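Engineer: For reference, the chains in residue letters:
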Amino acid sequence: MTPTDAPGHDVTTTLDFLLQEVDGLRTRWVAPRRLRVDLPAETLPALLELLKGRAGYVHLSAISCVDWPDDGQFELVYHTWSYELNVLVMAHIRIPRDPGVYLSIYDLYRPAAFFERDIHEMFGLWFEGSPDMGKFILTEWEGPPPMRKEFDGEAWVMEQFGWQEYRPEWLTEIEAKGGGISKRPEQLRGDKGEDGTA
Amino acid sequence: MRPENYQAVSHPPSHEYEVFFGPNHPGIEGNYALKVRLHGDEVTAARADGGYLHRGFEKLMEGRLWIQNIALVPRICVPDPVPMEVCYSLAIEALGGLEVPERAQWIRVMQLELSRIAAHLFTFGGNAATTGMYTPMFWGIADRDLILDLFEELSGGRVYHIYNIPGGVRRDLPEGYLKRVSDTLDYIESRLPDYDNLMFTNQVFVRRATGVGIMTQEQALDWGVTGPNLRATGLPFDVRRDDPYLIYDQLEFDVPVEEAGDAWARTLVRRAELKQSLRILRQVVARLPEIDGPIRAPIPNPLAWNLPLGDVYTRVESSKGELAYYVVSNGGDKPWRVHVRGPSAMHAVQVLEHLVTGARIEDVAQIMFSLDACPPEVDR
Amino acid sequence: MTTPLDLLLFTAAATVAGAFALGRWRDIAWLTGAFYIAQLIQLTGLDLPSASHAGFTLFGQLVGWQMDGFGRFFAIITVGAAAAATAYMGGEWGERYRQAGHSLVWLHGALAINVLAMLLLLAGNDLIALFIGWELTSWASFLLMAQGGERALRAALRYVPYAMGAAMAVLGGIVLTHAFTGTLQFTELAQRVPQLENWQLALMVTLFGVGFSIKMGLLPFHLWQAPAYAEAAGAGTSFLGAISARMGLFALALLLVKFVSLTRLADLEFVSGLFDARDLIAWVAAFTIVLPTFTALKQNDARYLLAWHGIGQGGYMLLGIVIGDATGSAGGLLHVFNYATYQAALVLSVFAVLHRTGTADLNSLGGLVTRMPLTFLVMLMGIIGLAGLPPMNGFVSKWLVYRSLMIEGRPLLFLMTVIGTLGTILSVYKLIHNTFLGQLRLEHEGIREAPWSMTIPMLVLVGIGFVTGVAPGLPLQWVNDAQAALGLPVLPHTLGGVESSQGGLDMLWVVGVLFAGFGIGALLFYGVGNRSKRIHQLDNYAGGHFLSADVRYHYSDHFYAGLMHRIGPLYRGSFTRLEEAVASANDTLAALMQAWYRQRVPMLTLLVAATAGLGWMVLQ
Amino acid sequence: MTDLRTIPVVAAGEERPSGGQGNLLARVFDELTAFCRSRSLFMLHYCTGCGAVELPPAMTSRFDMERLGIQPMVTPRQADILLVTGYVSTKTLKRIILTYEQMNSPKYVIGICSCTVNGGMYWQSYATAKKLNDYLPVDMYIAGCMPRPEAVISGLRELIANIRAGRSDYWRDYYRRYDHYLGNQQRLFGENWQTPTDVIAEARHYGLFGPETLGEHTALLEQHQTPLQPFEMRLGLKQDKGSSS
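Protein chains in written order, with my numbering: chain H, 5 to 202; chain D, 986 to 1365; chain W, 2 to 621; chain C, 63 to 307.
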């Protein structure tokens, strides 16, 4: 198979055929080499095991976490890549936001250790069985997990540092001529807040 | 708050002692730390310590408009910023269903490859300096400056260009630009024998690098290593070829591979990639004048640009490895979530800790630089 | 009627008697110490040469004693080392030693016997007197080595076969000499030996050389020495390290320079015109400098480290004497004196640390400078001397040896000495760094300075080292006497050093400039700025990290691991194997001799050997 | 000879006594010191942020900072200049303060990049400190994102001129107004923040004890300070005499 070619019919069918073995999947080809799989959280390990064992999905490209506070859910996306099929499978699962606990896939993919630790730091999720859930980046951070949507970084900054007045002479001159900043930063932030809720 | 524990224990552990590599250490790349436990000069355990460069990019990007983030992304990897811009732009284009004009794609490839050359020259300098050879650093960085001059002419910025925007590139090439690119390529190509003499055939360097930090192909796959570090173990995987983006499938280039998997093999792979990048750039310079057309797809008012609901995972090959962006849109004017998969995240933490353990203290810096770890990618 | 030498020997004998008779008295050290001082005074006032009335005839040979300048030079060092060691034993150290269940009587007694035996050896006027002194010294030093517990005894027992071998070789040499020359008197030997045939000379030099080299610890007979000296009881180690092995050097110099003469030695050629016996000995000396010094680098026990240096430094002395010009031989002889001062001080300081902390293991010490500053000062001055740097006296003697090697056109030997010095500097740095610098261990928090009874002898010793470093002219007088007695050219000297057309050395100037430099620095530091700040150990910079007290940052274990990675394979591959081969050969040979000599039919063996020897003499 | 310390040395940056007053020798000495200092500057080799990427070009062949007498130095004890190259995350800022306090006086801080001025494009980031001179006395800012090597070099030349003229003495400000700086640090790092360096004692030692050295924040520090135990260097200190005799 020539690598630059888009996956041919055979690859597509192989993968589709293979994925029938797992229950509760919804598969969708979003791009020539991107297969999106939505599945219930409990079947993910089975899917990954199948992909790794039968289709050469040895490369875990990333684990992404998305916070959906309105749904009360975290979405976890496992991006895996097969060096044989050259197709990226993105497995989407949703887990409830409240306990925020899921299984580690470290025994299948070693790189998971880094991503799971990162998600734990940034979102506060807990992965059972992950080798090291210690802090790495935010070792000296005592606030809430910053990537959660309810953490308002900007407000935190305002509280911690305060807004710094910056009015050099040239700005005053411009303003005297009728120019200058049309919207104060407070106004801007106020607007944003309205937009965000809308 | 004091960061570390000051309480004494009754008996200090004997026969082993600790050395801190970084955050301020000449043998560390960037603002990054490695705590090393030593027995004599042999490393018995190592622990990476990041977060010194953490700026919360992913959070910041959620608070800014789609187009504003273009100014933010190149800062994620300082020595090799262009792949960041391109990867993010590709994601937005995929989400918004934009078709990038062909000319813009060629210009982007030119930028990507120039950036790769610049990053590799930078790395060679640091890598040579770990063995006490400072001339490659002086030469490499001075030669890299010529590429930065090209960037500056194109975009106004030496290091951060903000030249690739969703839909294409910001403006067309200046007059005579390709000639100057071609001249620079000639010059860099003419310098390669000098670099070979100075570094790649220099026994001081070869002996220090050979057999240091060996990583087998199984380990590399197991640890999720990508890029030159993976190719140095014998697996010819390159996102440009195996998951092509832009117009890489129209270009001829090889994927250089080494088998040994040690620091020397990794350096050789980068050296060979430099040549391949030059080869790609020659093709681009030859083809680009023929390709006419717009340089940018029309985009809606960027200040009020709501992208449709959806998510996308885009990957490009940066000089460090597989760089990927996972971008989620909830239909608003700002990203709902951007996840940056920095290639260094893999080899600067897990792999580094593994490879350093059992090595000798003088090889730690060598291993770190041969892996070409980029700490800001890890910390984001 | 008694002569001064008789009186000296009598005093030495009285010391032995006093040590044994009054040994249980608490302040016996004062008595023996006073006796040593008395001997020292007698020695310095001795008219040269000074003969003894004692004497007898054996096998028709007159056996007598007479001390010349050469013997006196060594005798002064011997008695001085004994005096320092005795003072050290007098106070708290001796008390602790006794409480540990050891016998202070035997330690004092063994030391006094050693001194007496060595004086007899040094004053010998013929080969039989030399042999008597030789045997006495061997057994006396065995006695001293064995005073230190189980391990010391085992190490001392290892020495026995070597001593046996040496004695047999020397005895054989004496028989041969008599057979060849018909006399055993030193004065007559000096005239007759050079006239011998080459093969006779070679045989004689080999037999005597082996015997004397064993005592001196010359390569390849050096393996017994380090453990035997290191494991002895504290003051014993300092005495043994300072002088005991030099008896071998004394005898060797006597043989090579006085009897055979260096020019005659050069006639024994291995490769015509290129390599002769003198070169061989010089190269053996050079290797004795390098190899044991780098072995010392590997040691993790401070006592062993110093003991290995003792072997290595012997190489400088022999090298200087074998070079044989005025500068070189003066350097070699002066080094005996200088080495004794700082080696004794260093050993004593190590034992002071051992006394306080209970360990001499370099991996488990550190940071003691805050607790034992005087001991640190002693060790600092001592290692400056051992490394051969001004202002200590080690610099002068090493300088003289280097100088003569350069004047005599021996660049390769010079290179070897420099390599040896490099190894010395590295290893003494390890010694002081691992003991006194860096992180203080928690268990040593409550350590106090060593008691005065221990610090004063150490300080006196380094004081002597410093004074003779600034004014090397003082010991050079004795060295000149020794040179004259050996028949070597005499080095003209001044108080500050050497004046010569080929470049002199004036230590008064060297030290003056050195201290002027320090003075300028001190003036700038205290006078102008004095804005220095004292910082806490945890206020150290570690790449931007905050240090915590519970982690070890002090690099002492596996010191010089990088260097050891380079030279370790050499040691493992070739040198150790050679070492083992030589050791096992030596041990086998010695065990064989021991077995014959002691267990089988000793009378018969002796009879056979004596008969064979006598028969051969008759046949001649 | 009189004690050199009794000669009044004109403090750099302060109002100089007009001609005729002061000690001529001391002034010559002062001038000489400033001259020498300005011509051999060691900057700490600490890549704190992304601006560090423009330092290698400034140091190497093309722009060659060394011709000004400026060289990187690996330890702060021997360094004169602390270059803060770009944004400082709070984690890094702690290290920068530690490093700064361990540097020997006189010491100079240069803030490179816009981020050190006001947080730059990370103004809303929860992880980065915004205004460097809240935490450390900054001698000079070189703004830009990121400033070109020429800008860096011209900034350094400006600093050299300032040192030469005795205008750059903000390090004294850290001692004189320690309470102010410590207060800002405590606000960001929590009230039990402390570094191993005893700045107050140093201020007394250097004779730079000002009215604002002590204040409510230093009182807070003393309240939370844990002593550095137990590996102490105690050579020659008075309290040791009792135990050693």
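Derived by calculation from the structure, the hints in this document are not laboratory data.
All values derive from a computational prediction rather than experimental measurement.
Among the clues, some could well be false.
[Unchecked claim] Label-pair ranges, simulated between beta-carbon atoms:
(1) D:E1027 x W:Q100: 53 to 61 Å
(2) D:G1196 x H:G138: 28 to 36 Å
(3) W:G520 x C:G277: 39 to 47 Å
(4) D:G1196 x W:T207: 42 to 50 Å
[Said to hold, decoys possible] Cut-off 20 Å, straight-line C-alpha distance, at most; resulting in silico cross-link-like pairs (DMTMM-like, lysine to aspartate or glutamate):
(5) W:K259 x W:D277
(6) D:K1260 x D:E1275
(7) W:K534 x C:D260
(8) C:K193 x H:E163
(9) D:K1164 x D:D1134
(10) W:K534 x C:D126
(11) H:K56 x H:E144
(12) H:K153 x D:D1318
(13) H:K153 x D:E1203
(14) D:K1020 x D:E1338
(15) H:K153 x D:D1234
(16) D:K1164 x D:D1207
(17) D:K1020 x H:E88
(18) D:K1260 x D:E1137
(19) W:K259 x W:D326
(20) H:K139 x D:D1181
(21) H:K56 x H:D42
(22) C:K193 x C:D260
(23) H:K56 x D:D1207
(24) H:K56 x D:D1227
(25) D:K1260 x D:D1179
(26) W:K299 x D:E1001
(27) D:K1260 x D:D1234
(28) D:K1020 x W:D558
(29) H:K56 x H:E25
(30) D:K1020 x W:D540
(31) W:K299 x D:E1027
(32) H:K139 x D:E1043
(33) H:K56 x D:D1234
(34) H:K56 x H:D102
(35) W:K259 x W:D280
[Claimed, not checked] Short derived list, chain C residues pointing at chain W, Cβ under 10 Å:
(36) N166
(37) A205
(38) G245
From the three backbone atoms N, C-alpha and C, an ideal C-beta is built for every residue, glycine too.
Engineer: Against this structure, judge whether each hint is valid.
Structural biologist: Cross-check of the supplied hints:
1. D:E1027 x W:Q100: 53 to 61 Å: Once the Cβ atoms are compared, 42 Å apart, the range 53 to 61 Å for Q100 of chain W and E1027 of chain D is violated.
2. D:G1196 x H:G138: 28 to 36 Å: Since G1196 of chain D and G138 of chain H have Cβ atoms about 32 Å apart, the given range 28 to 36 Å holds.
3. W:G520 x C:G277: 39 to 47 Å: holds, 44 Å
4. D:G1196 x W:T207: 42 to 50 Å: 48 Å Cβ-Cβ, so the 42 to 50 Å window holds.
5. W:K259 x W:D277: holds, 18 Å
6. D:K1260 x D:E1275: violated, 24 Å
7. W:K534 x C:D260: holds, 10 Å
8. C:K193 x H:E163: Between K193 of chain C and E163 of chain H the Cα gap is close to 15 Å, so the pair holds against 20 Å.
9. D:K1164 x D:D1134: holds, 14 Å
10. W:K534 x C:D126: violated, 34 Å
11. H:K56 x H:E144: Violated, because 37 Å separates the two Cα atoms, which is more than 20 Å.
12. H:K153 x D:D1318: Holds, at roughly 16 Å.
13. H:K153 x D:E1203: Roughly 39 Å separates the two Cα atoms, so the pair is violated.
14. D:K1020 x D:E1338: OK: K1020 of chain D and E1338 of chain D at ~9 Å, within 20 Å.
15. H:K153 x D:D1234: violated, 40 Å
16. D:K1164 x D:D1207: violated, 45 Å
17. D:K1020 x H:E88: Since the Cα atoms of K1020 of chain D and E88 of chain H sit roughly 38 Å apart, the hinted pair is violated (cutoff 20 Å).
18. D:K1260 x D:E1137: violated, 23 Å
19. W:K259 x W:D326: Status holds; Cα separation ~14 Å.
20. H:K139 x D:D1181: violated, 43 Å
21. H:K56 x H:D42: Distance of about 17 Å is within 20 Å: holds.
22. C:K193 x C:D260: Violated, at roughly 24 Å.
23. H:K56 x D:D1207: Measuring from Cα to Cα gives roughly 12 Å; hence the hint holds.
24. H:K56 x D:D1227: Judged against 20 Å, a Cα distance of about 19 Å means the pair holds.
25. D:K1260 x D:D1179: holds, 14 Å
26. W:K299 x D:E1001: holds, 18 Å
27. D:K1260 x D:D1234: holds, 18 Å
28. D:K1020 x W:D558: holds, 18 Å
29. H:K56 x H:E25: Since the Cα atoms of K56 of chain H and E25 of chain H sit roughly 14 Å apart, the hinted pair holds (cutoff 20 Å).
30. D:K1020 x W:D540: holds, 18 Å
31. W:K299 x D:E1027: holds, 17 Å
32. H:K139 x D:E1043: holds, 18 Å
33. H:K56 x D:D1234: Distance ~27 Å between K56 of chain H and D1234 of chain D Cα, so the pair is violated.
34. H:K56 x H:D102: With a Cα-Cα distance of about 30 Å, the restraint between K56 of chain H and D102 of chain H is violated, given a limit of 20 Å.
35. W:K259 x W:D280: holds, 18 Å
36. N166: holds, 8 Å
37. A205: With a minimum Cβ separation of about 25 Å from chain W (threshold 10 Å), the hint on A205 of chain C is violated.
38. G245: violated, 21 Å
The earlier numbered hints that this structure contradicts are 1, 6, 10, 11, 13, 15, 16, 17, 18, 20, 22, 33, 34, 37, 38.
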